[in-house]
Amino acid sequence: MDSNTQVNTKKILLALDWYDNRVHQGVAKVAQKYGWDLFCLHKTQNQQGIPTCWRGDGAITMIGHKETSDFFKEHKIPVIDLGLEKHGLQVPRVVTNNEMIGKMAANHFLERGFTNFYVPFECGLPMFEERSESFKNTLKKAGYECHVLNSPNIYDEHLFNHSSDWWKKKLPQLQFPAALFAFEDSWAAQWLALLESMAYKIPSEVAILGADNDPLISTASHISLSSIDTDQHGLGVRAAEALEVLISQPQSGSPLLIKHEPLNTITRASTDVIASSNPVVNRALAIIYDDVTINASGLAQKMEMSVQGLQRSFRAHFHMSPGQIIRQLRLRRVKYLLIHCKMSSEDISRQTGFYSIQALHLFFKRETGITPGAYKRLKNPQA
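Residue 374 in the numbering used here sits at position 112 of the sequence shown; the count goes up by one each step and never skips.
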């Protein structure tokens with residue numbers, strides 16, 4: 263029986279150009295579920311492609327080099343690609359939804375009243391190009407422009423290869439308060455350290471946002487880093503489940519592109535500021551962020567203003583009405599509680615400002631097109 267079990271065990275390769283233990287954990291969880299023999303290989307710059315003599319039943323990797331694409335083309339081994347590089351193979355890809363990440367980054371800054379937006383450079387990598395373009399497009403729809411700093415590509419050199427004097431000449435004059443979306447956490451951490459060394463105040467002068475929510479990076483500095491949680495564990499699970507379908511049901515017609523949704527934006531010290539230059543809007547936003555259960559009339563009362571006066575101030579100095587931003591923040595809070603907290607619908611209603619479960623249900627379905635229960639099952643299918 264042991265020998266039969268060994269014969270039937272699928273040999274699966276996980277080969278990453280980068281290493282994220284959360285992706286590994288997600289794949290390992292599915293490997294345990296299906297009894298895979300999982301071999302994890304961390305590739306380096308000098309180890310392009312898959313080991314020449316490796317043979318197995320399937321692989322999860324990034325097909326970024328000709329050697330890798332040629333290997334899978336020749337040996338016809340089922341593979342899930344975690345990247346977006348052009349290689350000509352008709353294989354399923356499981357990738358983060360970078361358009362959604364860029365949109366979330368823009369909304370994170372817009373909701374705090376920022377009007378001056380920056381990205382560090384155009385790096386040429388498909389994943390970060392998608393994030394950058396979505397960030398810019400979301401800002402454009404809100405009536406704002408995003409500026410490119412045209413700094414060196416961090417893939418080519420470190421930011422601290424240059425002196426503060428060099429940077430002062432290189433960087434354009436930043437308009438304060440500035441909002442910088444640095445595409446991912448390691449880059450954001452470098453920018454945070456650089457700008458702080460140049461005596462910029464974080465976040466009051468420059469707010470910095472990363473992505474991927476790497477706990478070893480985002481909380482390492484004395485100024486913790488805000489970041490978009492791209493659910494790397496879930497990405498690993500999704501990729502492994504897609505590979506199991508590809509192996510066990512080869513004729514099922516697996517989708518060639520699966521976009522894995524980010525979870526939410528984690529606000530830490532690097533963006534924890536209200537940036538509107540208008541004192542009325544600034545104070546109102548601070549109150550809303552402190553209490554998402556408040557409504558527009560309650561907000562006006564707290565500010566000792568009429569509802570009409572408050573709305574006029576927002577029309578003149580902000581891209582959303584008080585009611586719109588309250589609804590947006592409430593919706594985000596409801597989504598977070600549905601996914602991450604084991605709470606009753608009644609408790610979620612109470613914590614997010616709805617007078618009944620029915621009111622929450624109607625609001626959520628109007629805003630998303632599905633019920634809270636359906637959303638929870640969609641995001642946590644194994645819960």
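One or more hints might be untrue.
Unchecked claim - Quick list of in silico lysine-lysine cross-link-like pairs, DSBU-like style, CA-CA up to 30 Å: (1) K338 <-> K638; (2) K365 <-> K398; (3) K295 <-> K521; (4) K273 <-> K335; (5) K328 <-> K338; (6) K604 <-> K641; (7) K564 <-> K521; (8) K335 <-> K365; (9) K398 <-> K431; (10) K295 <-> K398; (11) K627 <-> K403; (12) K272 <-> K291; (13) K402 <-> K604; (14) K365 <-> K604; (15) K521 <-> K432; (16) K348 <-> K432; (17) K291 <-> K338; (18) K338 <-> K365; (19) K295 <-> K365; (20) K431 <-> K521.
Simulated from the structure, these hints should not be mistaken for lab results.
Holds or violated: are the alpha carbons of K402 and K604 at most 30 Å from each other?
Cα-Cα ~38 Å, so violated.
Is the straight-line distance between the alpha-carbon of K295 and that of K521 30 Å or less?
At roughly 23 Å apart (the allowed maximum being 30 Å), K521 and K295 satisfy the hint.
Does the structure keep K564 and K521 at a Cα separation of 30 Å or less?
43 Å, violated
Are the Cα positions of K604 and K641 separated by 30 Å at most?
The given pair, whose Cα atoms are some 14 Å apart, holds under the 30 Å limit.
Restraint check for K328 with K338, where alpha carbons must lie at most 30 Å apart:
15 Å, holds
Please work out if K398 and K431 have their alpha carbons no farther apart than 30 Å.
Satisfied, since the Cα-Cα distance of roughly 25 Å is no more than 30 Å.
When you check the alpha-carbon spacing of K272 and K291, does it fall within 30 Å?
15 Å, holds
Against the 30 Å threshold, does the CA-CA distance of K295 and K365 hold or violate the hint?
34 Å, violated
Hint consistency between K295 and K398 [alpha-carbon to alpha-carbon, up to 30 Å]
The hint is violated at about 41 Å.
Proposed proximity, K432 with K348 (alpha carbon, max 30 Å):
33 Å, violated
Under the criterion that the straight-line Cα-Cα distance not exceed 30 Å, is the pair K338, K638 satisfied?
37 Å, violated
Going straight from one Cα to the other, do K431 and K521 come out at no more than 30 Å?
40 Å, violated
Hint violations for this structure: numbers 1, 7, 8, 10, 13, 15, 16, 18, 19, 20, all remaining hints satisfied.
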